[in-house]
Amino acid sequence: MSTTPNSAPRRSDFPVCKAIYCSLPDDGTDKRVLVELRKKQGIIRAGSATLRGIGVLAEVKTKRGKLPEPDLVKQVYVICSEDQADEIFELIFRTAQINKPGRGMMLQRPISSCTPYELPADIPDEETGA
Amino acid sequence: MSEIIYLTDVAFITCIVDKERSEAVLLAARDLGARAAFSHTVQGWGIRERLGAWGVAVETEKEVIEFLVSSDQQDVIFEAIYQAAEMDAPGRGFMFISAVERAATYVPEAVRKQLAVNPE
Chain A
1 MSTTPNSAPR RSDFPVCKAI YCSLPDDGTD KRVLVELRKK QGIIRAGSAT LRGIGVLAEV
61 KTKRGKLPEP DLVKQVYVIC SEDQADEIFE LIFRTAQINK PGRGMMLQRP ISSCTPYELP
121 ADIPDEETGA
Chain B
1 MSEIIYLTDV AFITCIVDKE RSEAVLLAAR DLGARAAFSH TVQGWGIRER LGAWGVAVET
61 EKEVIEFLVS SDQQDVIFEA IYQAAEMDAP GRGFMFISAV ERAATYVPEA VRKQLAVNPE
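Here the protein sequences line up with chains A and B, keeping their order.
Numbering follows this note's numbering, with no gaps: position 71 of the first sequence is 71.
Numbering follows this note's numbering, with no gaps: position 43 of the second sequence is 43.
No lab work stands behind these hints, which were simulated from the structure alone.
Backbone N, C-alpha and C fix where the C-beta goes; we use that ideal spot for every residue, glycine too.
Among the hints, erroneous ones may be present.
Claimed, not checked - Listed next, the in silico BS3-like pairs over lysine-lysine satisfying Cα-Cα at most 30 Å (straight line):
| no. | chain 1 | residue 1 | chain 2 | residue 2 |
| --- | --- | --- | --- | --- |
| 1 | B | K62 | B | K113 |
| 2 | B | K62 | A | K39 |
| 3 | B | K62 | A | K66 |
Stated by the list, open to error - Residues on chain B that point at chain A, a partial pick, calculated with CB under 7 Å:
| no. | residue |
| --- | --- |
| 4 | I4 |
| 5 | A24 |
| 6 | L26 |
| 7 | S39 |
| 8 | V100 |
Produce the entire structure from the sequences given, and follow the hints as far as they go.
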């Protein structure tokens with residue numbers, strides 16, 4: 001990628017990527033997933049947001065013609081390269097136990113281009129402080 | 001450990017509407033078979049809202065609603081949401097469908113057996 005002052009980066013300089021979104025229960029799974037992604041795959045282009053969700057298979061009582069009360073859910077988003085996508089998808093699936101009832105769902109979408117992201121070198125690590 | 005069952009014929013519908021229309025949108029989609037929805041609130045500034053008093057932009061709270069639906073249902077659900085949100089009127093909001101390469105979630109054992117997919 002060329003970043004000299006005279007030639008600004010163009011969209012074609014940035015690679016095709018994948019976005020993986022997963023909706024998880026609000027029980028700390030999102031933090032566990034983010035920690036695993038950073039430790040095992042070095043992923044830092046990721047985050048978590050709080051949403052309201054209505055589950056697929058949840059049994060809830062509600063009046064006819066009315067919606068049930070939504071649950072608080074965490075949506076984790078991850079941006080990764082194409083060749084990392086399979087491993088990351090599987091890592092999230094295993095860590096969040098998506099194959100169990102009530103554990104949420106995940107999906108992968110194409111991204112036509114994505115800029116790189118690096119943290120400054122002098123920021124101390126959250127766990128070790130080093 | 002069971003293998004991942006990838007769901008591939010799915011689409012993602014995103015809909016940005018006024019808060020008061022969000023329930024109508026959710027009910028319309030649910031009546032047509034959409035079973036999972038996520039929503040969150042956002043603040044938007046419409047392009048014409050600077051025409052308010054003193055020319056100051058007026059904050060407007062909108063609801064972003066997302067549905068994961070099967071590909072063969074996407075057109076009917078999209079049209080039902082369009083009608084429920086009254087998107088043919090100016091300023092009501094907008095919506096779009098985006099591609100999903102694959103999805104995964106819990107698939108009940110009865111469904112796995114019925115489809116002879118990854119029976120445990």
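query: Among all the numbered hints in the text so far, which are the ones the structure does not match?
result: Result: hints 1, 2 and 5 break, sorted rising.
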